[in-house]
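Asker: Each chain is listed here by its residues.
2 protein chains.
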Amino acid sequence: MSELNSKQWFTEIFSPSGSAFSLRIEQKLAEVQSPFQHIEMYQTTDFGNLMVIDGVIMLSSRDNFLYHEMLSHPVLFTHPAPKNVVIIGGGDCGTLREVLKHPDIERVTQIDIDEQVTRMAERFFPELCASNNDPRATLLFADGIQYMRETPAGSVDVIIVDSTDPIGPGEGLFNRAFYQSCLAALKPGGILVQQSESPLIHMQLLNDMRQAMKDAGFADLQTLQFPQMVYPSGWWTCTLARKDQAIDGFRRDAAANPAFETVYYNAEVHQASMALPNFMRQQLAAQ
Amino acid sequence: MSELNSKQWFTEIFSPSGSAFSLRIEQKLAEVQSPFQHIEMYQTTDFGNLMVIDGVIMLSSRDNFLYHEMLSHPVLFTHPAPKNVVIIGGGDCGTLREVLKHPDIERVTQIDIDEQVTRMAERFFPELCASNNDPRATLLFADGIQYMRETPAGSVDVIIVDSTDPIGPGEGLFNRAFYQSCLAALKPGGILVQQSESPLIHMQLLNDMRQAMKDAGFADLQTLQFPQMVYPSGWWTCTLARKDQAIDGFRRDAAANPAFETVYYNAEVHQASMALPNFMRQQLAAQ
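Chains A and B, in that order, give the protein sequences. Every position in the first sequence, counted from 1, becomes a number in the numbering used here once 6 is added. Every position in the second sequence, counted from 1, becomes a number in the numbering used here once 6 is added.
Hints may contain errors.
Unchecked claim - Here's a subset of chain A near chain B, in silico, CB distances under 7 Å, partners left out:
#1 E9
#2 L10
#3 N11
#4 S12
#5 G24
#6 M47
#7 T51
#8 D52
#9 M235
#10 Y270
#11 A281
Hints were generated in silico from the structure; no laboratory data involved. Glycine included, each C-beta is placed from N, C-alpha and C at the ideal position.
Using the sequences and the accompanying hints, generate a full structural model.
Answerer: Encoded structure:
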C-alpha cells in the first residue's frame, strides 16, 4: 500500500464518500487567513498551481477549464440574447473570463465575499484574471446574498452562482430564499446556473437544490454533467433554472461557430452534457 | 493538510500525473500472488469491495457499472447484429454479464490469462459473476494474444479488450501485432473495442493505440468518453475500431428500447459519449 508523505502531497479527504484525492506538490506558495476562510496556494508537480480553501481543492491550473467553461457557455448559449450577467462567487475570475469571451455581453458584475481569493488569483492564476480590466466588468467584494436581495427586479439576464460547497460562506447560496431573490432579479426568460456537485456522491444535495429552485418558483430546470478531476469523484454537474419559460434547447448555430476559443466546450459537448444516465433520470424523476 | 493512515486507506499513486486516489477501507479481505500478478481484495467503507492488481485499482462494487456498461453496450449497439463475441481479459466477469444481457448474442468466449482474478470475483463480486453459467458463455484461462492469433479468420463479430493498463500482462494487448490478429479474426464489418485510458492524462497513449489500430488495417475508429471515478483522473475512454467499414452511428431504436436494465447506459448517453471536447478533437486530428 502506498504512503503519501504530507510534505510532498496535498490531500483532500472527502469523508462522506470515504474517498480522497491528492496532488503532488513542489512547495507551498502562499497562505492567508481572510475574514471568511483559510486560503492556501501550492505549486504542484503536474497540475500547475493549486488553490485550496478551508482544506478543499478549488482549482488547478491544468483542469479548471472544464468547470469554468461549463459554468459559462451552456447558460449563455441557452439564453437567447444575454446582455447583463451577474456572477455570485467566482473570485478566481475564471468564470468571468469565459463570460467576457462572448462579444454581445454588455455588462458582467462579479460579487465575491472574499477579496483575498481574487488577490491570490491575480498572483497565481494571472491567465484567469486576464479580462478583469475589461470595461464591461465590475468586481465587487461583498455579500452575494444581500446583493441579489437588493438587485432591481427584472434587471438581469443570467446569474451564475460559482460558489464553494454548501458549507461555510457558500451555505446561504443553496436555499429557497436566495433563489427567490435571484428569480426576482431576473428578466422574464432569464436563467440562473449553479454548480451542483457530483452525480455519484451528492445526489441528495442535487435533489435538494433542485427542489429549492422549484419551490422558489423557477419554471424549468436542466442539470448538465461534465468531468472535473480535482473535485470529489471527478464527475460534476451544474444546474440551470429558468424564469417563466421552459429551457428549450440552445443556440446551436452560435455555439457551433463561436467568436472565441475553448478547450473543452463545443456545441456537441453542450448537447452531450444534457444526456443523463439512467440512475440520474430515475432519481430526478422520483423528486 | 490531511494525513492518510495507511491502515485505514488504500491509496493508488499515479506518478506520471502526480496524482493519487484513495478509498477508506474497513479491512483487507484476501490477497493472492498468482503466476501473473498480485491480487488484493479490500472491503471499503463506502464503495463496497475493491479489487487491486499490482497496486492498481481495478474495480469497486459501487462504480464498476460505468466501465462495464460502456465497454459492452456501445459496441454491441453499433454492430448491426452481433452473435459471436470474444472478451480478452475481463476476468472479473462484469463485462461478460453486460454482454449476455443482449438476447440475440449466441456465444461469448472470455479469455483471461489469470484464473485467480475470476476466482476472486466469484467470492467478492458475485453479482458480476451471476451469468457465468449462462450456456452461451465459455470462460477460458489462457493467453489472449495467442488465442486471437489462433482464432479462425472471419469468425467473430465483436472483440472486447477489457485489459489492465499497458504494463505487465496487458502490455501485448496494445500493439499492432495484436490488432492484426484481431482484424483477421473479425468478420467483415466486425468491431474491436478496447479501454483506452484517460483523456486528461493519457492522450499520448490514446494516440499511440489509435495509430497502432490504423496501422493494423482497421478502416475506422471512434473514441468514446465516460466518467470512471476509481481510475486516474476520474475520466476514461474506450475506442472502437471497425473492419472494412465506417462506424456509421448506432442502432438507436434498439438502444432506446433495450430488453434489459442498465444503471448508466442509455441511447442518449451513447450519443453523448461520442462528443469529444475541443482539445481531444485537435489532438486526434493532429495524429
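Asker: Now look at each hint and say whether the structure bears it out.
Answerer: Outcome of the hint check:
Annotation: E9/A was flagged as interfacial toward chain B, and the flag holds, the nearest CB pair being 5 Å apart, inside 7 Å. Checking L10/A against chain B by beta carbon gives a least distance of about 6 Å; that is within 7 Å, so the hint holds. The beta carbon of N11/A is not positioned within 7 Å of any beta carbon in chain B (closest approach about 10 Å), and the interface hint is therefore violated. Of the supplied interface hints, the one on S12/A holds, with its beta-carbon coming within about 5 Å of a beta-carbon of chain B, less than 7 Å.
Restraint check, G24/A versus chain B: the minimum CB separation of about 3 Å is within 7 Å; hint holds. With its C-beta approaching chain B no nearer than about 13 Å, M47/A sits outside the 7 Å limit, and its interface hint is violated. Nearest Cβ of chain B to the Cβ of T51/A: about 4 Å, under the 7 Å cut. The hint holds. Residue-level restraint check for D52/A holds (minimum Cβ-Cβ distance to chain B is 3 Å; threshold 7 Å).
At about 5 Å, the closest approach between the beta carbon of M235/A and any beta carbon in chain B falls short of 7 Å, and the interface hint on this residue holds. Evaluation of the Y270/A hint against chain B yields a held restraint, the C-beta minimum of about 4 Å falling below 7 Å. For A281/A, the interface hint holds, the least distance from its beta-carbon to any beta-carbon of chain B being 4 Å, beneath 7 Å.
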